[in-house]
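In order, the protein sequences belong to chains A and B. Just so we're aligned: 232 in this note's numbering is position 232 of the first sequence, and the numbers increase by one with no gaps anywhere. Just so we're aligned: 1328 in this note's numbering is position 328 of the second sequence, and the numbers increase by one with no gaps anywhere.
There's no promise every hint is true.
[Unchecked claim] A short, non-exhaustive set of chain B residues, derived as facing chain A with CB atoms under 10 Å:
no., residue
1, V1039
2, D1045
3, G1065
4, T1119
5, R1229
6, M1235
7, G1236
8, E1239
[Stated by the list, open to error] Once the Cα atoms are required to be at most 27 Å apart in a straight line, the calculated BS3-like pairs of lysine-lysine come out as:
no., chain 1, residue 1, chain 2, residue 2
9, A, K232, A, K90
10, A, K36, B, K1305
11, B, K1305, A, K129
12, A, K146, A, K160
13, B, K1305, A, K160
14, A, K76, A, K232
15, A, K189, A, K160
16, B, K1305, A, K232
17, A, K189, A, K90
18, A, K186, A, K36
19, A, K219, A, K83
20, A, K90, A, K146
Bear in mind the hints are in silico, worked out from the structure with no lab data behind them. For clarity, every value in this text was computed on a predicted model and none was experimentally measured. For each residue, glycine too, the CB sits at the ideal point set by N, CA and C.
Letter by letter, the chains look like this.
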Amino acid sequence: MKQSLIVAAFAASAVSALAGDVTGSVSLKGTPPPEKPITPLMADVNCGKASPGTVTTRHFVVGANNGLGNVFVYVKAGLEGKKSEVTAPKAVIDQLGCLYQPYVSGSVAGAAIEFRNSDAFLHNVNFMKSDAGNDTFNFAQGAGSKPIDKVFKNVEVMAKIQCNVHPWMFGYIGIVDNPFFAVTDKDGKFTIKGLPAGKYTLAFKHLKAGEVTQEVEVKDSGATVTAILEVK
Amino acid sequence: MSSRSGTPPPRSLHALAWVTAASAFVLIAIGGVVTSKGVGMAVPDWPTTYGYNPFFFPIDQWTGGIFQEHVHRLAASGVGLLTLVLAVWFQVREPRVWVRRLAWLAFAGVCVQGGLGGTRVLLNGVSVLGIPGSVFFGVLHATTAQLFLALVGSLTLVTSSLWARCTARPANVAAPAGGRAVLAVVGLMFLQLIVAATMRHQHAGLAIPDFPLAYGSIYPATDPDSLHRINQQRMGVVEDSPVTPFQIHLQMAHRVLAVTLVTAVFAVAWRLRRQGRPWSVWGGVWAGLLGAQFVLGAATVWTNKAADLATAHVAVGALSLVVGGTLGLALCGGPRPSLSAFRPCGDDRANLKTAAAMPVSAS
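Working from the sequences, and respecting the hints, build out all of it.
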């Protein structure tokens, strides 16, 4: 509830005169374990057709220059007293090829998240455990079903969703109290738009590599940040 | 008619008890598949299946995890019906009041068990005593299943000719030794099953991926740095939650208990070996099951929790419990306080031979 109020305050605030984009990249130090083929997916009659070929896990997505994908980047501190009318786009999570797309996404506490099913068969979306007091849910979504909205009322980084019909399907959502977040692409790059000028603590959360934080000062020209996560 | 006089009860009762016990065993194995594959929530509603009466759920929708979960529910309905028939049949044909009560207790047990299964689905996300509902009710559902199987297994025993022969044994014939030891081991085995169910129903994958060592050592470190390294290396396909110190300690407890149980059951079997048939054979079968169970446990780790091996591990565990439980019951002769006519049973000649040589069980 507290987080929801903070978000509401953000939305109602006046526009800050100075704001900039934070761009940057996250890289991985060390060699991650190899990804595993999702053999149950490939063996499934429907899913094998929907995702032909070898499909692997997505624990460490490492791209050019060791850029690390699927890192949830968010402002952890520094927004107190700041004003902005930036709103985060509605998060959309699709069930496609028996995988959640995207694997990692972000949303603001109290905002609706849209779940779609683009597959030609049924999935269920099970959010079964919350460390932050969010309401759990488990709903089925058949082929051709209308999108279904769900709301996480509290901050939770990361909330895990899973399909039990196809139990290798899981995805993660970073729920935060402000709209300033991003998920790194396959090369580890990200952009957070319209952050009011000031000093912040940015957090970089990866499901396997862990979390690091970094101080950053944003001017109206923006800021550039690089972060390193390590696998031991 | 009464087995107190040594006459076995009607064979139909014994046969029905066997069929029910076998069905319960198959049901536990199917439940094991559901948990091993992590598909317990593939059908999010209960008692309906996606809004359908489960018996009319369209077969073309039995896909993926829905298939396993739905089959489990249908099989459970079948076992429930069978147990009702058993209770009614026993009520009509069984002369012993306490056995009739046992049959009705089995029916009550299967109803409770079905309710627990439904509660596990409906309260999946609810916290109970700080424990996620999926774990709390999942463990309860799994352990109650084992108790139900043991109960139905005991019905097969007490309707057998062996039991009738035993209860007709003269009072001056010494009881076979080892009954209390067997029941103590069975108690420990049940504790092991609770530990195992707690591990499985957290759906966290293997807390320790190697065996006989644990992360390359006798006892793994669980400090934050070590855990961070461990979790970075876990590359789960189906189950991929970060492992916690509790899960590692639980897995270690499971291993210690496994070694203890194998040692204890082999010791008991060795002791029973000197008491002649059926005890020697019974003890041998029990020891064989424990040996197989130990190998299956190791293989479950070595194959990164392959679903078929993990399920076989559950099934053999259940079988070990019921074989040990009925052995203990047979040796001790049932719930004596309210059944003063009961006496420890066994092969009289063997008992007579060993009575002088063996310490006599207090039971």
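Verification of the supplied hints:
no.: 1; hint: V1039; in the structure: holds (5 Å)
no.: 2; hint: D1045; in the structure: holds (8 Å)
no.: 3; hint: G1065; in the structure: holds (5 Å)
no.: 4; hint: T1119; in the structure: violated (14 Å)
no.: 5; hint: R1229; in the structure: holds (5 Å)
no.: 6; hint: M1235; in the structure: holds (5 Å)
no.: 7; hint: G1236; in the structure: holds (8 Å)
no.: 8; hint: E1239; in the structure: holds (8 Å)
no.: 9; hint: A:K232 - A:K90; in the structure: violated (35 Å)
no.: 10; hint: A:K36 - B:K1305; in the structure: holds (14 Å)
no.: 11; hint: B:K1305 - A:K129; in the structure: holds (23 Å)
no.: 12; hint: A:K146 - A:K160; in the structure: holds (22 Å)
no.: 13; hint: B:K1305 - A:K160; in the structure: holds (22 Å)
no.: 14; hint: A:K76 - A:K232; in the structure: holds (25 Å)
no.: 15; hint: A:K189 - A:K160; in the structure: holds (23 Å)
no.: 16; hint: B:K1305 - A:K232; in the structure: holds (24 Å)
no.: 17; hint: A:K189 - A:K90; in the structure: holds (21 Å)
no.: 18; hint: A:K186 - A:K36; in the structure: holds (18 Å)
no.: 19; hint: A:K219 - A:K83; in the structure: holds (14 Å)
no.: 20; hint: A:K90 - A:K146; in the structure: holds (16 Å)
In this structure, the earlier hints numbered 4 and 9 are contradicted, and the remaining ones agree with it.
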